[in-house]
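Can you build the whole structure from these sequences, using the hints too?
Listed here are the chains, written in short residue letters.
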Amino acid sequence: MIKAENVSKQFIRNVRNDEKGKASFKRRTKEEFYAVNGVSLEAKEGEILGILGPNGAGKTTLLRMLSCIMEPTDGNIEIYDRDSNLITDMVEKKKHIGYLSGNTKLYNRFSTRELLWILADIYGISKEDTESRIEFIENVLEMHSFIDNRIEKLSTGQTQRANIARCLIHTPDIYIFDEPTLGLDVISSDAIVNFMKKEKENNKCVLYSTHYMEEAQYLCDRIFMIYKGQKIAYGTPAELMEATSTDNLRDTFKVLINKEGGSDEF
Amino acid sequence: MNFRIVKTLLKKELTDIFRDTKTIIIMVAIPLILYPLLFLASVLITSNMLKESTEKTYNVSIVANDSDRAVVNRLLDDALEKFEYHFEIVEPDSDDYEKLIRKNTIDAVIEAKSDNGELGNITIYSMSSLTKSDTCRSMIEKVFEDYKDEITENKLREALDDYDSLTSEPFEITSTNYSSKEETTGMLVGNVMPFMMVISVLIGVSTIAVDISVGEKERGTLETLITIPVNNMEIVIAKFFATTVIAMFSLSLNIFSFGLIGFYMFHSAKIASESMGDFSLISFIPSVLIMIPLMVLFTMFISALCLCIDFTAKSVKEANNYTTPLMLILVMGTGAAVLMNMKFNYVYALIPVLNISLLIKDLFMLKFDATMIALVFGATILHTMAAVFAMTKIFSSEDILFSEGLKSFKLFEKRSNMKEGQIPGIGDIVFMFVLMFLLSNFVGGYIAIEHGFLGVIISQLIVFLIPVIYSWYIKVDFKNLYTLNAPKAKDVIGVLFFVFGAYIINTLFGTYLIQWFPKLAETNDNLGSMIGMGGFVPSLIVIGMLPAIAEETAFRGFLYGTLKNKKIPIAVTMIITALVFAAYHMNLLQFIYVTLLGLLMSYIIYNSNSIFITAIFHLINNSLTVIIQFKSEWLEKIPLLQNETPGLSDTLILLGIGLALLVIGFIISDNKFGIFSHSKPSGKTLE
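If you read the sequences in order, they're chains Z and X. Take the first sequence: its letters are residues 1 to 266, numbered as in the working numbering. Take the second sequence: its letters are residues 1001 to 1687, numbered as in the working numbering.
Don't read these hints as lab results, they were simulated from the structure. Ideal Cβ placement from N, Cα and C applies to all residues, glycine included. All the given hints hold, so there is nothing to weed out.
With a Cα cut of at most 27 Å, we get these calculated DSS-like pairs of lysine-lysine:
no.	chain 1	residue 1	chain 2	residue 2
1	X	Lys1011	Z	Lys127
2	X	Lys1393	Z	Lys93
3	Z	Lys153	Z	Lys105
4	X	Lys1564	X	Lys1479
Pairwise CB distance ranges, derived in the manner of DEER restraints:
no.	chain 1	residue 1	chain 2	residue 2	range
5	Z	Arg250	X	Met1418	39 to 49 Å
6	X	Lys1393	Z	Ile12	17 to 27 Å
7	Z	Arg250	X	Ser1396	33 to 43 Å
8	Z	Asn103	X	Ile1568	28 to 38 Å
9	Z	Glu5	X	Lys1393	28 to 38 Å
10	X	Lys1566	Z	Arg13	17 to 27 Å
Now the stretches of chain X that chain Z is said to cover, found in silico as 3 or more residues with beta-carbon under 8 Å:
no.	segment
11	1002–1013
12	1213–1221
13	1224–1233
What follows is the structure in structure tokens.
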């Protein structure tokens, strides 16, 4: 479904330069660094792949590149359709992906229904199909009470559901969710987790990042752990726990990170 | 590009903007409520000011002896009937008049000094910083001026028997106005209209453009937008049309509002004076019909321009920082065009904003010049196309979302952060050259007026130092950027042929240009007089040698060196260098032949890969001009160089010689086709 080969992304950041003995905020130099460095991974249909890692590890950059909104500096991303044909066109690729992150905000002055209509129009979905899709989404995400309200008036959980609805309108094969349950209450996050499970049963491919280890442990088929832009572990939750001889993913995570020299952003 | 997607995106943008109450209030309320209110307020204020002098009562104190006081009293009383001035004579309760005026107890004090029993000199005490006191003073002045005239008249009447016949009007003056009522009104409207149009478009476009570009980024919706299958082109075109449509909407509201005010003024004026009776608004219909498509184009131009700027900004604040100076420049351009009474000519017709302002002004003065209209339309279409093209190139959703911004400016980094061997950014180049042009032309030019040669030296120093200091600051690789390679012998010999060939052809060309366009020659004179100021040797140094160093450093060094390191075709680099070099000379006649020279010099540095070769070219070329000026006896036998008009045969011979020299130079030095191109590498192996 989706495959990353040796993907890297280079950015420029400010670093403090203490070389000349004066440790002050003025002495800053620009430095090139790799947010993601030589990462390879693969996710298949009917699979949930969890991307785990501490803050600043490069999860968001990796997911952005996987969802084709950011060009990798090196390496390439391959996306295959249901018949395992490689898709090369950038715009075609996006039609196969539903991407969601904390940064993908919605147009506040539209209602969810209007937004879905606009998106359907851009995806080139016919009117009848759009109507039935919207009805379906409304039922799946239980949006009856607020689908016609402007998005600016919705609560956090409702906004997140509207955001997921946006990803559903074109029935993508691959879902890429960047911390979809962040800041949501138990009921809202359960709705999203259940949705991912259901889509997995529909033979879709789900990639998602999270900081909730319990959630990842019970939901993910495989886990990709990233730290300082590089892979530190890749396998099923059971394999990872066995390799580190721990009995839950939370401890596994801590052991793996400490082995790499500890997180510098606690 | 998929037009269905563009249409959907456009619809989305428009709905989004029209649902934004804040924007709509700004766009609708300002023209429909604020402008009429401002107009009403200004009418009220002016009518109040007119009433002020006739309705208010002014308190005046008089310092004089009894007889004078009586005269002054009488004059002030009479003023009520004569001028409708209301004076109230006040007895001050203290002698400190200044304090009384400051406290507004009295407005002015009149001091009269007796002169042989008659009214002598009058002194009026008042304060010009207090409006009422100052008005009072001018009223009192008028009263006494009038009294003075009256006395003079009486004296003359007593002295002269035939006073009446002497003072009767010797002749009458009448004037006839050829301007129709429409033209007179048109002139008034024409002075206001360009401002109104340009400012309305600017306000409309700039608010929307910022909101639709970086605004969307700040709200986080741009990232959503690029997750859906749309490409950059579709996004940018939809945003461009949305900005244009909204700005047009705002402009039409503005026009409607001003139209209403104008209509009201027109009708109230009509009632006031019957002479306006034959006035017809119909004669302005063609003006308006031409103006509307022009404004549509102009709005598109400004939209593309603003979006260009806003797309490079990282935040709304940054975008506003860039847009504000741009707006100021554009409004100043309009102001200059309208208020300074610029004469519309072919050059101005090509300059954005200026051309539109001047054309609208002309249109409302009912001057319809088909050539000018076509030229302005053509130029505006070209500008718009260029701006739209630039906009589509600049817009990259990924850069806007995730990059650093302002990549083309290296100047704003600290030197310690610079990497060795950098190449200047395009933004830096533009900035440096603007700075250099301004400083060398204005500072150098100003000093040249006062001190002659010193100005030229300073100009050259500026031209030399600005690129060099900048290059040092960003730590460029001087050898690469300034092409500091040792010259090869073949190029040194070749350049001698080039320079003489080019000099002959250019002089020939210049002679003909002056003959065909004598007006160009007038502007060219100041250079000649500059050469004549110093002696031979100083001239040789200042005009021959300095530019060969300074101008080569700036143009063939800094500019050419930067461009050759960018991903620009080398031919474009050569042409740009030549054009900038020509533009630097700020002179139309020179522009034409310096461009030709510049192209040749670009070729020379490209071919020889050594700046010293073009420096030699520059040195000889400029020195020749000095030599001809001072030592014309050396060249007496060559008829062409005497600035006389050569005959056809002379022209052909000289042209032949010039071209032959160029060809020889080419054969000697060219890397590909020259005679040394193949023998050189093999010659080295002989060692």
